[in-house]
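Produce the complete structure using the sequences and hints provided.
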Amino acid sequence: MNRAGDDSLDPVLRLHVLAAALPGSVVAERTVEAPFDQVWRVVTDLETMAPRYETNVTAIEVIERTPKRVRIVATLRGGHFEEMDARFEPGWSLMQSRSFIIAFGARPVGIHTQLAHLEHRRTSESAQNLEPSHRAYETLLRELEAIENLAAHPDRY
Amino acid sequence: MEVPGPFTGVDPGVVRAAQLGDGFAVDELIDALYPLVRRISARIAGAQGEDAAQEALLAIFRELPALRSPEAVISWASAVTARIAVRVDRTDRRQHGGGEVTDPERLSSWVEFDSLEVTDVLARLPARDHAVLVLSDLHGLSERDIAARLGVPAGTVKSRLHRARRRFREEWSQ
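Those protein sequence lines, which keep their order, are chains S and B. Sequential numbering of the first sequence, starting at 525, is according to the working numbering. Sequential numbering of the second sequence, starting at 114, is according to the working numbering.
Everything labelled a hint here was simulated from the structure, so no lab data went into it. Honestly, I wouldn't trust all of these hints.
[To be verified] Taking CB as the label site, the calculated pair distances span:
#, chain 1, residue 1, chain 2, residue 2, range
1, S, Pro547, B, Ser182, 18 to 26 Å
2, S, Ile635, B, His275, 50 to 58 Å
3, S, Lys592, B, Glu163, 23 to 31 Å
4, B, Gly122, S, Gly548, 28 to 36 Å
5, B, Arg262, S, Lys592, 50 to 58 Å
6, S, Glu662, B, His275, 21 to 29 Å
7, B, Ala160, S, Arg666, 38 to 46 Å
[Unchecked claim] Interface residues of chain S toward chain B, partial, derived using beta-carbon atoms under 7 Å:
#, residue
8, Val541
9, Ala545
10, Arg646
Here a beta-carbon is modelled for each residue, glycine too, at the ideal position from N, C-alpha and C.
Here it is as structure tokens:
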């Protein structure tokens, strides 16, 4: 599913373009064995689902919501709070704080979903805590697997 | 000749913010540039236009920090796109055993957007080649009209035009 209009860009490709603009960002991608609608419901359910798939997040509170923009406070492991802006379109999610950028791009592939995930540390301070890229990549892959489990078995949660 | 479509008015502030790693600014700039990139790619690379557009977008945003004048983002992105689309089209023709570009419609599309890059490439052509290409593709004159204007036989115009298009393509790919 693309964003509206003929000139819309495939969200998975959009994520890779974003990564091209953000040196040091880490991207993982996989075909998730669950329908697009279910996958996207999980990805965008910030308060209930995101703490279950985002490794470093223990809780998220939505403090302001407009049709296309959400302001949240994420509680990170270790007790830090991170205030983030989030924008959503069908198949596209972009969240940004002073320190982090997190994005998801998704499109249907038959009955399954192609899902890409990006993480980027914006500041030298946050980059100091950066995992080696292969570990960061493995973390993102685990998060994609968690999303797949949540989307494929909604009855279990 | 102006770039067709609503490709003006990209806020230089958005470009600067994107260069500094603001994700929302990058997102906004993708929306602003993609229609332009897609249109140029389709004109130059034809059936390979989508592949060319994807490759061009990645290159544009990878190279964005090197852009010194955010106000020039449209012409700069046009030039990057055109260069990549020509390469993609050329590679595709080689893989499928194609020869020279002889399709005037597609070739004229190169000069349809009047970027500095196009002007620069035209300036590198020999004067005779430059003249026939501009008269044909920018001014739309027929080979007979060009022949009359330059005082040479129509057959000479035809061969010069063929050579000019080949040289334009080669210079563009440098």
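Against the structure, the hints:
1. Pro547(S) <-> Ser182(B): 18 to 26 Å: holds (21 Å)
2. Ile635(S) <-> His275(B): 50 to 58 Å: holds (52 Å)
3. Lys592(S) <-> Glu163(B): 23 to 31 Å: Between Lys592(S) and Glu163(B), where Cβ atoms are some 27 Å apart, the hint holds.
4. Gly122(B) <-> Gly548(S): 28 to 36 Å: holds (31 Å)
5. Arg262(B) <-> Lys592(S): 50 to 58 Å: holds (56 Å)
6. Glu662(S) <-> His275(B): 21 to 29 Å: Violated, since Glu662(S) and His275(B) (Cβ atoms, about 56 Å apart) do not stay within the stated range.
7. Ala160(B) <-> Arg666(S): 38 to 46 Å: holds (40 Å)
8. Val541: holds (5 Å)
9. Ala545: holds (4 Å)
10. Arg646: Holds - the Cβ of Arg646(S) comes within 7 Å of chain B, reaching about 6 Å at its closest.
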